[in-house]
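Engineer: First to last, the sequence lines map onto chains A and B. Positions 1 to 109 (this note's numbering) are the ones given, in order, by the first sequence. Positions 1 to 582 (this note's numbering) are the ones given, in order, by the second sequence.
Just so you know, the hints here were simulated from the structure itself, not pulled from any lab data. Mixed in with the good hints there might be a few duds.
What the hints assert, rightly or not - Which chain A residues face chain B? A few, computed with CB under 10 angstroms, are given here:
1. V26
2. G28
3. T35
4. E45
5. L60
6. V74
7. K86
8. G101
9. L102
We treat Cβ as the ideally placed atom computed from N, Cα and C, and that holds for glycine.
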Amino acid sequence: MKDSKKTKPGKPGTATAPAFQLRLYVAGKTEKSLTALNNLKRICETHMAGQYRIELIDLLLTPQLAAGDQILAVPTLVRRLPEPIKKIIGDLSNEERVLVGLDVQPLRD
Amino acid sequence: MRRKASSATDDHPSIPKAPTGIKGLDDITGGGLPAGRPTLLSGTAGAGKTLFGTEFLVRGALEFNEPGVFMMFEENADELTANVRSLGFDLKKLSAQKKILLDHVRIERSEIEETGEYDLEGLFIRLGHAIDSIGAKRVVLDTIEALFAGLPDHAILRAELRRLFRWLKDRGVTALITGEKVDASITRFGLEEYVADCVITLDHRVDGQISTRRLRVVKYRGSSHGTNEYPFLIGESGISVLPITSLKLEHRVSRERLSTGIPALDEMLGGQGIFRGSSMLVSGSPGTGKSSIGASFVDAACQRGEKALLFAYEESADQIIRNMGSIGMDLEKWIKKGLLQIHSSRPTLQGLEQHLVMMHDTVTAFQPSVVAVDPISNLTLDRDETAVKPTLMRLIDFLKEQKITAVFTSLTHGTTSVSASEDSEVGVSSLMDVWLLLRNHEHNGERNRTLYVLKARGMSHSNQVREFILADSGIDLVDVYLGANGVLTGTSRVTQEAREQATLQMDRQDYERKMRRFAATREAIELQISLLKSQAEAELAEMDFAVAQESAREDAAKSNFDTLSKRRGGNKAGNGRNNEKA
Chain A
1 MKDSKKTKPG
11 KPGTATAPAF
21 QLRLYVAGKT
31 EKSLTALNNL
41 KRICETHMAG
51 QYRIELIDLL
61 LTPQLAAGDQ
71 ILAVPTLVRR
81 LPEPIKKIIG
91 DLSNEERVLV
101 GLDVQPLRD
Chain B
1 MRRKASSATD
11 DHPSIPKAPT
21 GIKGLDDITG
31 GGLPAGRPTL
41 LSGTAGAGKT
51 LFGTEFLVRG
61 ALEFNEPGVF
71 MMFEENADEL
81 TANVRSLGFD
91 LKKLSAQKKI
101 LLDHVRIERS
111 EIEETGEYDL
121 EGLFIRLGHA
131 IDSIGAKRVV
141 LDTIEALFAG
151 LPDHAILRAE
161 LRRLFRWLKD
171 RGVTALITGE
181 KVDASITRFG
191 LEEYVADCVI
201 TLDHRVDGQI
211 STRRLRVVKY
221 RGSSHGTNEY
231 PFLIGESGIS
241 VLPITSLKLE
251 HRVSRERLST
261 GIPALDEMLG
271 GQGIFRGSSM
281 LVSGSPGTGK
291 SSIGASFVDA
301 ACQRGEKALL
311 FAYEESADQI
321 IRNMGSIGMD
331 LEKWIKKGLL
341 QIHSSRPTLQ
351 GLEQHLVMMH
361 DTVTAFQPSV
371 VAVDPISNLT
381 LDRDETAVKP
391 TLMRLIDFLK
401 EQKITAVFTS
411 LTHGTTSVSA
421 SEDSEVGVSS
431 LMDVWLLLRN
441 HEHNGERNRT
451 LYVLKARGMS
461 HSNQVREFIL
471 ADSGIDLVDV
481 YLGANGVLTG
491 TSRVTQEARE
501 QATLQMDRQD
511 YERKMRRFAA
521 TREAIELQIS
531 LLKSQAEAEL
541 AEMDFAVAQE
551 SAREDAAKSN
561 FDTLSKRRGG
571 NKAGNGRNNE
581 KA
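For reference, chain A alone in the conformation it holds in the complex (with noise of 0.2 angstroms):
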């Protein structure tokens, strides 16, 4: 996290791009910031291993790039593809309302 950009935790080898990229913004390493990246972690972990991306947008350290995603609350996770755009706001402690916001099936054990 603190090297910012591209953080990709998750699967990395494949060669094909993943299904998802998301893009996590955030301000500084708050509290919520890493509640929110720890939420998103666990949850792609838990329901799309393999197929997702994750890249970590530290905005005190890149203001300039607020504006291209139309950023205005932060923790906001960005789901870049598949399209269309979507955004979800907040520390992602809710996992089932990020799964809707994200459109991604639950998978359930």
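Knowing the structure of chain A, use the given hints to seat chain B on it.
Structural biologist: Chain B in isolation, oriented as in the chain A frame:
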């Protein structure tokens, strides 16, 4: 100029202000918006909030060297650029020069899912970045209330807005936040709770089918400000507010006199016309020649080589030129020379206030020395007079301050009775320095015009009623005759003139005859006198002769006596006879 005026308003240093550059607003606020603080601009839909914000930034960038960020939540940059281009604001160019930064914040409720805690740090960062990238001193948020529609959690939003305004203050930018006015509250979502330094409302009211835009400074912490509602206009070059309600009457006056263009009228006004910078009201019933007096005044100004402005609310410019041509005035040549401008519009085009704003702007742009308004009574259409007076007062004060001489014509309603025509003018006449009253006289099967000076402040003026004549060669005034049936004009006057001429002639003849008779009598008497004189002289001569004869005879008698006495030796009796004769 404006800023200087503001700093001179009071001796105590007021809070620092950021001039808006919007015509008139800086006068009301005593210099502009509070510098480095947020100001709330609230208004109904279509009241001109976005335009106000844009002008604030554009003027700031161009005139005061303060770059600005326009963060818009409703329109996008291209739309805004297109919308304000017609007002001469080239946002594209200003953006390229990094004087203005346009940032469109788009919030789609449908795209956003909300889960867990968040804040609006993203917005802060984005705004902060925009401010830093061009070194902005000004920020407009138009309108941040859109966030309420986009973000479901209003509790978070409100807390964040409070933080935002605090943050803007800390950054020291002069911010303008717009909000939509609904019914009683200043903004729909109560932004006034957070932005409390300065609140300005814009209003767009329709009264008698005529819309008027008004601006009011509701509150201005730490500064005095005008509290009235001021009409404003979105004109060809942006917003202009009409602030003039001079509480002080301290304009310097001129002693120079200006001709009205009618020599006989100048004669009535102490022989020199009216003072420069004064205002003249010409009132009268229809067809009494009000417009002609107005036009002649304008014509006279142009002849002196001064600039004149004519606002016409009844006739088009062409029509005026044609009509005035019929009484020997060629206004067209002045227009070609650039000395005269005629602005014609229907009074119903806009409200009175906006007309005045328009006049204000035109006068400021053209800088004439003479202004004619023909007629003001049309502007007051369907308006109650109490509302009209203050607005006209603003115009008159403004013109006086600029040392512009003004002529207003006013239509009085039909009636010919003096008191009625005076009553209907009470609203504005007290503001005027000179008041001419034109009246129609119907008598002896014809209608004639008369004119008199009802008042003329500070100059001797004629108390006479004059007949007012519009001829091919121009306007003239002639003396009227007072007959048994009142004032005689037109053919009655001519008849009366002839009659008096005849009487005069007869009198003269009579006199001459008398004088002749006197002379003849005198001559006869003198003749008699000389006759008597010569008679008297003859008598005198006769008497002398008699006396001489007598003494001769006495001498002779005496010598006879002596001779006899010598011969007789004395005789008493002879003595006695002698004594008897003597």
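Engineer: Does each hint fit the structure? Answer for all of them.
Structural biologist: Here is how each hint holds up against the structure:
Taking 10 angstroms as the C-beta cut-off, the interface hint given for V26(A) holds, the closest approach to chain B being about 9 angstroms. For G28(A), the shortest C-beta to C-beta distance to chain B is roughly 8 angstroms, which falls under 10 angstroms, so the interface hint holds. Hint status for T35(A) relative to chain B: holds, with the closest Cβ pair at about 8 angstroms, below 10 angstroms. Of the supplied interface hints, the one on E45(A) is violated, with its beta-carbon coming no nearer than about 18 angstroms to a beta-carbon of chain B, more than 10 angstroms.
Evaluation of the L60(A) hint against chain B yields a held restraint, the C-beta minimum of about 7 angstroms falling below 10 angstroms. This hint holds: V74(A) has a C-beta 5 angstroms from the nearest C-beta of chain B, less than the 10 angstroms allowed. Against a cut-off of 10 angstroms between C-beta atoms, the interface hint on K86(A) holds, since the closest Cβ of chain B lies about 6 angstroms away. For G101(A), the suggested interface contact is upheld, since its CB lies about 3 angstroms from the closest CB of chain B, less than 10 angstroms.
Checking L102(A) against chain B by beta carbon gives a least distance of about 8 angstroms; that is within 10 angstroms, so the hint holds.
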